[in-house]
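**Q** The hints should help you fit chain B onto chain A, whose structure is shown.
Heads up: the protein sequence lines correspond to chains A and B, in order.
Using my numbering, the first residue of the first sequence is number 1, and each one after it goes up by one.
Using my numbering, the first residue of the second sequence is number 1001, and each one after it goes up by one.
These are calculated hints, taken from the structure and not from any lab test.
Please read these numbers as outputs of a predicted model, since none were measured by experiment.
Relax, there's no trap hidden among the hints.
Calculated lysine-lysine pairs in the DSSO-like style (CA-CA distance at most 27 Å, straight line):
(1) A:Lys33 x B:Lys1145
(2) B:Lys1295 x A:Lys119
(3) A:Lys97 x A:Lys68
(4) B:Lys1297 x A:Lys68
(5) B:Lys1209 x A:Lys16
(6) A:Lys144 x A:Lys119
(7) A:Lys48 x B:Lys1145
(8) B:Lys1240 x B:Lys1278
(9) A:Lys119 x B:Lys1328
(10) B:Lys1062 x B:Lys1297
(11) A:Lys68 x B:Lys1295
(12) A:Lys119 x B:Lys1062
(13) B:Lys1190 x A:Lys33
(14) A:Lys119 x B:Lys1104
(15) B:Lys1278 x B:Lys1104
(16) B:Lys1104 x B:Lys1240
(17) B:Lys1041 x B:Lys1209
(18) A:Lys119 x B:Lys1297
(19) B:Lys1209 x A:Lys2
(20) B:Lys1188 x A:Lys16
(21) A:Lys119 x B:Lys1301
(22) A:Lys98 x A:Lys119
(23) B:Lys1240 x B:Lys1188
(24) A:Lys16 x B:Lys1189
(25) A:Lys16 x B:Lys1190
(26) A:Lys33 x B:Lys1181
(27) A:Lys48 x B:Lys1181
(28) B:Lys1058 x A:Lys119
(29) B:Lys1188 x A:Lys33
(30) A:Lys33 x B:Lys1189
Pairwise CB distance ranges, derived in the manner of DEER restraints:
(31) A:Thr62 x B:Asn1195: 54 to 60 Å
(32) A:Glu39 x B:Glu1008: 52 to 58 Å
(33) B:Ser1215 x A:Thr143: 54 to 60 Å
(34) B:Pro1192 x A:Ala127: 40 to 46 Å
In this text, a Cβ means the ideal position worked out from N, Cα and C, and glycines have one as well.
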Amino acid sequence: MKEIIQYFSDVFHAVKSLLTGMRVTGYYFFHHKEIVTQEYPENRATLKMFERFKGEVLMPHTESNEHKCTGCGICEMNCPNGSIEILTTFETVDGKKKKIIDKHIYHLSMCTFCGLCVKTCPSDALAFGNDFEHAVFDRQSLTKVLNKPGSTLNKEVKE
Amino acid sequence: MSDSKIQENLQKEDAYYVNMGPQHPSTHGVLRLRVGLQGEKVIHVEPHCGYIHRGIEKMCEKDTYSQIIHLTDRLDYLSANTNNEAVCLLVENALGIEVPERVKIIRTILDELTRLASHQLWWSVMGMDLGALTTFFYGLRDREKILDIFEESTGGRLLPSFNTPGGFMHDIHPNFVPRTKEFLAYFKKKLPEYNRLLTGNVIFQQRTKGIGILSKEDAIAYGVTGPSGRASGFACDVRKHHPYSAYGMVDFKEILYTEGDSFYRYVARMDEMWESMKIIEQLIDRIEDGPYTAKMKPIIKLPAGEYYQRVETTRGEFGVFVISTGDKTPYRMKFRSPNFANLSALDYMSRGFKIADMVAIMSSLDLVIPDIDR
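Next comes chain A alone, as it looks inside the complex (with noise of 0.2 Å):
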């Protein structure tokens, strides 16, 4: 008899239990406003990132085209994995021989956003972008050159 009692109790329980779980998702079943889920690909038109989020290495350039990048190699020292390689020519300015960078290479598919070449830049020429979607078809795509064609260094930055 008291097996039997057990039994029932156990079933009961069980039972109860289930019922228990399910109040929970009858609820969000019947409150659709506190469901949170975002779709995606449709509403890429609204979706803003925060501002620090980490996408993609920038060089902001001016209106004038002027970017900040004298070429020292400060991040691409820091860089831990070798995503960033400066290649750089010399500019004869009034019979001086001058350093500047002819291409700032950024290999996007080795950067582990570590945010070191942001951070020890010391005239703040890089930047974070936010933009996330990298995905492509062609590998080489994701070498870029972060220097406009035709910019030219920004005259308030010392070297």
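**A** What follows is chain B alone, placed relative to chain A:
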């Protein structure tokens, strides 16, 4: 060879071997377990590691101390911030640098937020492994709020790389404090929902109670730390016994149970979430204005010698050991990862149970595979 040893070897020879993983959904990564079976009963388990070995310890030997930080993110990716902190604390202690109070408090808050996010994900996948897919959505819904806090302040959702020796990369966002408070108020309402949904559930209880029992002695012998060890009664909380950062300033309870089965490992983690919220609540109003980093030299060189630092990550005790020759890179770097030690007890724990119980045991251990292989 003793009789029992011969008996055991005979049993192993007779066993029917099944590979669980490396692509099994419940191994959460690429862990391969060679399971010896007799019928449905597990005779022994042989973990085969190395499917995601990246040689991080070797890579550390060519990196400077500030470059190492981003590699530690990729060990136990669910407690990335805590791993970062371990290396930072080691460098700071070796150089004798006192970090500002503000940094200590923010580090502790970030640690506890990491712990909460990690436990939420663990709860989600534990339910999922045992057949309740609903929990996955409920857990990730709340985890998103913490990831937003991280993203806004640090720029990274999962792998923040926010700590540097001496302090942080940059200051926290002004929204950090209000958002954290908002999250705490929100999650206090949602955590009881977790209990209603899964803890009391009859199917869940029957699949976890009395499964994978680990005694206190065995937990110590195998070095099982974290909530898994504490559920067996092994008082091993580094935060409590060797306080670092701001853990000395706060009042919290070390969760201890003596049962040591899968269900109590679950309960220990659920209780830890309440304790984490208690710690954040005590500290969130104590963030003072000030510098976000101590003054550091641009090139950090540790004096020659050996250093060790341990912290409590979500899964247990994480240790960093460094041999320095006075150079800017370490001569040797060794990580004591909690998951590797926890995995070693899996063979012992799952002997005699059914193969389906192994899923419950593994979920309750909360293994993260990149931390095992490094």
